[in-house]
Amino acid sequence: MKTPTSLQTARHRKNTRPAKRKTFHYPSDVDKSAAITLIEANISHKWEMETDRASSPLPRTVTALAHFSRLPEANDICHGRDPLPQQSTESVLKEHGGHVDQCEKPSCVGVNGLPLDRHVTQVRHITQLRSGFWQGLDLPLKDTSELVSDLVNQSARARFQAIRSLPMPFSERKIIRNRVNSVKQSKTIIPTNCGQQVSRSFRRFRAGLASARQYLIIWHDTLKDIGGRFGTSVLSYFLFLKWLLKFNLFSLIINFCFITIPQIGYFNQTVLYYGGYNGEVIVSKPGYNMQLAYFFTIAAYLVLCGVSLIYSMSRSFQKNFVLDTGPVSGGAWRLLCSWDFSVVNEKAIQYNKNNLAIQLKESLSERLQEKNKMDLSDRIKHLSLNVLAWLLSLGLAVGCSAGIYFLGTDPELAFSFNHSPNDLTAEASTLLLPVVVSIINLIVPILYSLISKIESYSNPRAKIYISIVRNVILKMSILGILCFYWLDFVPSSVSCWESFVGQSVYRLLIFDFIFCLIGIFYGEFLLNVIGTRCIQSLGVPEFDIARNVLDLIYAQTLAWIGIYFSPLLPVMQVLKLFIIFYLKKISLSMNCQPPKHSGRAAQIQTVFIALLFFPSFVGALSMVAFTVWSLKPSSECGPFQGLDTPFHTIFSWTASIQGPSETNWVWWIFENILRSELFYYLISLIILVITYFLWQITEGRKQLINTLRQQIVNEGKDKAFLLDKMQKLQKERREKASYRPQDYDQTPHFNPNWMNTLPLDM
Amino acid sequence: MDLFAQKKIQSTEPILIPHGELTFLTKQEILLAHKIFSELQGRENGPYSARVTMEKILTLPELKSNPFRKRICHVFSTSDMKDGSLSFEDFLDLLSAFSDSATLEIKSHYAFRIFDFDDDGTLDSRDLEKLVNCLTGETDDTRLTAEEMRQLISNILEESDIDKDGTVNLSEFQHVISRSPDFVR
Numbered sequence: 001m002k003t004p005t006s007l008q009t010a011r012h013r014k015n016t017r018p019a020k021r022k023t024f025h026y027p028s029d030v031d032k033s034a035a036i037t038l039i040e041a042n043i044s045h046k047w048e049m050e051t052d053r054a055s056s057p058l059p060r061t062v063t064a065l066a067h068f069s070r071l072p073e074a075n076d077i078c079h080g081r082d083p084l085p086q087q088s089t090e091s092v093l094k095e096h097g098g099h100v101d102q103c104e105k106p107s108c109v110g111v112n113g114l115p116l117d118r119h120v121t122q123v124r125h126i127t128q129l130r131s132g133f134w135q136g137l138d139l140p141l142k143d144t145s146e147l148v149s150d151l152v153n154q155s156a157r158a159r160f161q162a163i164r165s166l167p168m169p170f171s172e173r174k175i176i177r178n179r180v181n182s183v184k185q186s187k188t189i190i191p192t193n194c195g196q197q198v199s200r201s202f203r204r205f206r207a208g209l210a211s212a213r214q215y216l217i218i219w220h221d222t223l224k225d226i227g228g229r230f231g232t233s234v235l236s237y238f239l240f241l242k243w244l245l246k247f248n249l250f251s252l253i254i255n256f257c258f259i260t261i262p263q264i265g266y267f268n269q270t271v272l273y274y275g276g277y278n279g280e281v282i283v284s285k286p287g288y289n290m291q292l293a294y295f296f297t298i299a300a301y302l303v304l305c306g307v308s309l310i311y312s313m314s315r316s317f318q319k320n321f322v323l324d325t326g327p328v329s330g331g332a333w334r335l336l337c338s339w340d341f342s343v344v345n346e347k348a349i350q351y352n353k354n355n356l357a358i359q360l361k362e363s364l365s366e367r368l369q370e371k372n373k374m375d376l377s378d379r380i381k382h383l384s385l386n387v388l389a390w391l392l393s394l395g396l397a398v399g400c401s402a403g404i405y406f407l408g409t410d411p412e413l414a415f416s417f418n419h420s421p422n423d424l425t426a427e428a429s430t431l432l433l434p435v436v437v438s439i440i441n442l443i444v445p446i447l448y449s450l451i452s453k454i455e456s457y458s459n460p461r462a463k464i465y466i467s468i469v470r471n472v473i474l475k476m477s478i479l480g481i482l483c484f485y486w487l488d489f490v491p492s493s494v495s496c497w498e499s500f501v502g503q504s505v506y507r508l509l510i511f512d513f514i515f516c517l518i519g520i521f522y523g524e525f526l527l528n529v530i531g532t533r534c535i536q537s538l539g540v541p542e543f544d545i546a547r548n549v550l551d552l553i554y555a556q557t558l559a560w561i562g563i564y565f566s567p568l569l570p571v572m573q574v575l576k577l578f579i580i581f582y583l584k585k586i587s588l589s590m591n592c593q594p595p596k597h598s599g600r601a602a603q604i605q606t607v608f609i610a611l612l613f614f615p616s617f618v619g620a621l622s623m624v625a626f627t628v629w630s631l632k633p634s635s636e637c638g639p640f641q642g643l644d645t646p647f648h649t650i651f652s653w654t655a656s657i658q659g660p661s662e663t664n665w666v667w668w669i670f671e672n673i674l675r676s677e678l679f680y681y682l683i684s685l686i687i688l689v690i691t692y693f694l695w696q697i698t699e700g701r702k703q704l705i706n707t708l709r710q711q712i713v714n715e716g717k718d719k720a721f722l723l724d725k726m727q728k729l730q731k732e733r734r735e736k737a738s739y740r741p742q743d744y745d746q747t748p749h750f751n752p753n754w755m756n757t758l759p760l761d762m
Numbered sequence: 001m002d003l004f005a006q007k008k009i010q011s012t013e014p015i016l017i018p019h020g021e022l023t024f025l026t027k028q029e030i031l032l033a034h035k036i037f038s039e040l041q042g043r044e045n046g047p048y049s050a051r052v053t054m055e056k057i058l059t060l061p062e063l064k065s066n067p068f069r070k071r072i073c074h075v076f077s078t079s080d081m082k083d084g085s086l087s088f089e090d091f092l093d094l095l096s097a098f099s100d101s102a103t104l105e106i107k108s109h110y111a112f113r114i115f116d117f118d119d120d121g122t123l124d125s126r127d128l129e130k131l132v133n134c135l136t137g138e139t140d141d142t143r144l145t146a147e148e149m150r151q152l153i154s155n156i157l158e159e160s161d162i163d164k165d166g167t168v169n170l171s172e173f174q175h176v177i178s179r180s181p182d183f184v185r
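In order, the protein sequences belong to chains A and B. FYI, the numbering for the first sequence is 1 to 762, going by full-length UniProt numbering. FYI, the numbering for the second sequence is 1 to 185, going by full-length UniProt numbering.
Read the hints as simulated data drawn from the structure, not as lab findings. Nothing here was measured: the structure is a model prediction, and the numbers come from that model. All residues carry an ideal CB built from backbone N, CA and C; glycine is no exception. Warning: the hint list may mix true and false statements.
Straight line, CA to CA, 27 Å or less: simulated BS3-like cross-link-like pairs of lysine-lysine [to be verified]: (1) Lys-361(A) / Lys-164(B); (2) Lys-347(A) / Lys-70(B); (3) Lys-174(A) / Lys-70(B); (4) Lys-56(B) / Lys-70(B); (5) Lys-353(A) / Lys-107(B); (6) Lys-27(B) / Lys-353(A).
Computed beta-carbon distance windows for the label pairs [claimed, not checked]: (7) Arg-150(B) / Ser-312(A): 38 to 44 Å; (8) Ile-261(A) / Glu-105(B): 48 to 54 Å; (9) Cys-194(A) / Lys-82(B): 46 to 52 Å; (10) Asp-119(B) / Ala-300(A): 55 to 61 Å; (11) Asp-119(B) / Val-307(A): 45 to 51 Å.
Bound-form chain B, shown alone:
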């Protein structure tokens, strides 16, 4: 996912050097993110300490139709109230993790957390069920039946649960990812 498909940079903000060294984004991308973030906030000055609510973040065109948009906001948010609001630095974290130059470890780490719907550190069968439902759509003809879901989840666990404890933890997830080269996007 990359937000910088069609836009050009016009801004002349000061160079945010520490941000460039701490994320995988280039200088232009950080300036562009700054601009987008200011627009979301509705004002043009100093968005460094303020937060943008989840609803406003979800109006971004790239996130609007993403099936995991709410989970993404929750995962990257560092707010104490757990409401999914993002500061500018959280926003940069989000963009950095989804950029092309992020390492596989970062991507798989955040993907694991996004898929972990109940935030308990492992993917158990309920997480997997929610994941499949998220990805296959909500209409009746595309939703899987209970029997199919059970079969599918047992297939998944058979493939990826190495220590046979009924859940997929981070190492097992990263192992499956490393065997599946389609993932990196």
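Bound-form chain A, shown alone:
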């Protein structure tokens, strides 16, 4: 079987093609062979640009041609025949006995004398195409031996991962794996049994660890159940809770080990609050400096928290806020991508379907509405309503903060220090402040949601974000005013003020917990009863994710503030989180339904992690830093009594190690580098330069992406042009052939919509 010269030319041209893209000239008078050559060349060149692999001969071009044009003649090109055939594909394949895998025909030696199995592969590829088993652009084209040789060259671990990730059925993966193993076995001349055994047993150990870890993960089954019934966004609340629990457990463990146990062991005083800790050095061997231990434990914990938060935040941000180039309005396809496959409950699936339909309709009508521009008076009205709502919200927040401050400093109502513990009214008056704070936290968000009803936003997502921002402003202003009160007013009024602050934080946390329970009962249970029995129009209450997550963030901020003043506070926080998890789960199953606008779970989660970092963690850290750096510790209690500021322990420690020469370098580093301002100026300057540099790189990449997108669009236009030309050629050819009426029926008929009407004759 002779190969037509056009194909030879094409192959030859492929091997000598330069790497970069050339402009192709399209001659006006194109004859058929040149047209095929052009198409092949263009497509295989595109191929090389896309896949950047060594071009193997004909099958790739052929299947590429078939992919881009889906012409039935692809098979004939494979057989080296005239690409504009007189026969249709079925008859060609019928020649091969109808078997796609085995080519029985003895005279068929493939293209240009290629061996039989290569030919079989070609036929199989094309018939697989026709029968609809298109597996993607690279896999059918890579010959199996190429794949095997690629795999053999990788390390064992990468090889396993690569084999697992092949999008093939199980049997084919097994075949490839066996081939790879046999090649590897034949390659290793010296039997490295020891090394192989070690690596194999290590791999098994790791797999065993992975499966054992599944048992250790708490709440694994419960979380799967919740995700299955309510979807991923509600699940994100519970995952957030679990993550916070890890923080608190960690802090509990290290505080207990490094601060509490030495205290109990040696000093026998109350260890719950700051005041109970003694600042003396344990002189017995091994010497344990309690001051340094306290300082460094708290500092290490906060630094680790910060690092972990920054890491999670940046990873989440990178995953979820990817560069959005191209048309993004509407997000219709994104809505379809957000179908939650993890939901398995039938009612929930039906519910999700209804929601998706409603959301699609809404987004479609939004797009239509965007086209109708609002006139000026409407816009002014909307803007003024927005401004009014913001003023009201901010006014409420400021008013509440001021109220808390005056309540706290009023000697009659709440602030009675130096009272005897038996005075019940005085005890009760200390509870006034926490109760008021918790009531504010409960009621004002409801007021905010009422306020937001008067204004209208074009985007429902904007509404969610705005309500989150307002609630965050409220909570942070309350916490801010409390911090100010504790750091400014209290130290001058109470003798052992750190313990007082610790007690206040403890009370706040307890009351927050109690009001959370009340919220579950009244907010969800009663609303459910009212909604279903009495006022049917209200319906079953939705699970408000944003409000619940903000409550968690608020409690965690309090816990971080309180760590310095009460090292065992994490105990309460851990217990609290455990109980809230189970109660919320029960309440969810009994009372609530999933939220309606549940898309974009991943983005909202990034926002929550970012909120946890700033302002929550940063605020707590700055408060603790201010206390350690600038405030004078109380002189009667606590480990830092007698010092100017708690930070002075570092100075006395470095002074103590200045003497012996082997630790002199530590002192030198501390004194001349960490304490000098020049060092920090230099570091800031270097970081600014690096940031600017990276920003410029990002801008350059954005431009590159735009250019590449434009190039893809141009390629599509090229393809359409070439196919048009092919069609014209076909027509001309058919007209010429119409002189032979007996062959007329067998020439394939191209209609203009050939792309959509693939003859499914396989």
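Please build the complex by placing chain B on the supplied structure of chain A, with the hints as guidance.
Positioned in the frame of chain A, the structure of chain B alone reads:
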């Protein structure tokens, strides 16, 4: 989707090491799958070569209400008769592709094939229309009108069809998926 929510392992079958290396499932998950598959077959021994019909697979609680259950069976089935029946290895393929540790490429590859209702290798407007109808329900008030459907499909194609050929092929689909982080489940 994960089948292993509430069940514990009791079986003591021999360890299926090659299956563990070729899929994304752990040893326990493979044993559990073995057990479920044997139950579906109705007998307890050697299900390695036999196939379970599509109707029986669809009785699994996790697949029963899934709107794409039939497409899933067709995509993962390697039977010659194209009847959607699954062997044990096909079943493992199915579980592996839906497990939490499967890569994004595998998930998007199989999702593309599931959405490709006519198996021609691209998502054209008819595939998209069937997809939207599958996801939005069959009752009259949730079904989209023809006009809305047309508008929706043109929006989708405008967003995802990069080379403007009127269809979404695998690379374009994977590109959209990579920009939409909600997908991974």
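A quick look at each hint next to the structure:
{"no.": "1", "hint": "Lys-361(A) / Lys-164(B)", "in the structure": "holds (25 Å)"}
{"no.": "2", "hint": "Lys-347(A) / Lys-70(B)", "in the structure": "holds (19 Å)"}
{"no.": "3", "hint": "Lys-174(A) / Lys-70(B)", "in the structure": "holds (26 Å)"}
{"no.": "4", "hint": "Lys-56(B) / Lys-70(B)", "in the structure": "holds (12 Å)"}
{"no.": "5", "hint": "Lys-353(A) / Lys-107(B)", "in the structure": "holds (21 Å)"}
{"no.": "6", "hint": "Lys-27(B) / Lys-353(A)", "in the structure": "violated (35 Å)"}
{"no.": "7", "hint": "Arg-150(B) / Ser-312(A): 38 to 44 Å", "in the structure": "holds (43 Å)"}
{"no.": "8", "hint": "Ile-261(A) / Glu-105(B): 48 to 54 Å", "in the structure": "holds (50 Å)"}
{"no.": "9", "hint": "Cys-194(A) / Lys-82(B): 46 to 52 Å", "in the structure": "holds (49 Å)"}
{"no.": "10", "hint": "Asp-119(B) / Ala-300(A): 55 to 61 Å", "in the structure": "holds (59 Å)"}
{"no.": "11", "hint": "Asp-119(B) / Val-307(A): 45 to 51 Å", "in the structure": "holds (50 Å)"}
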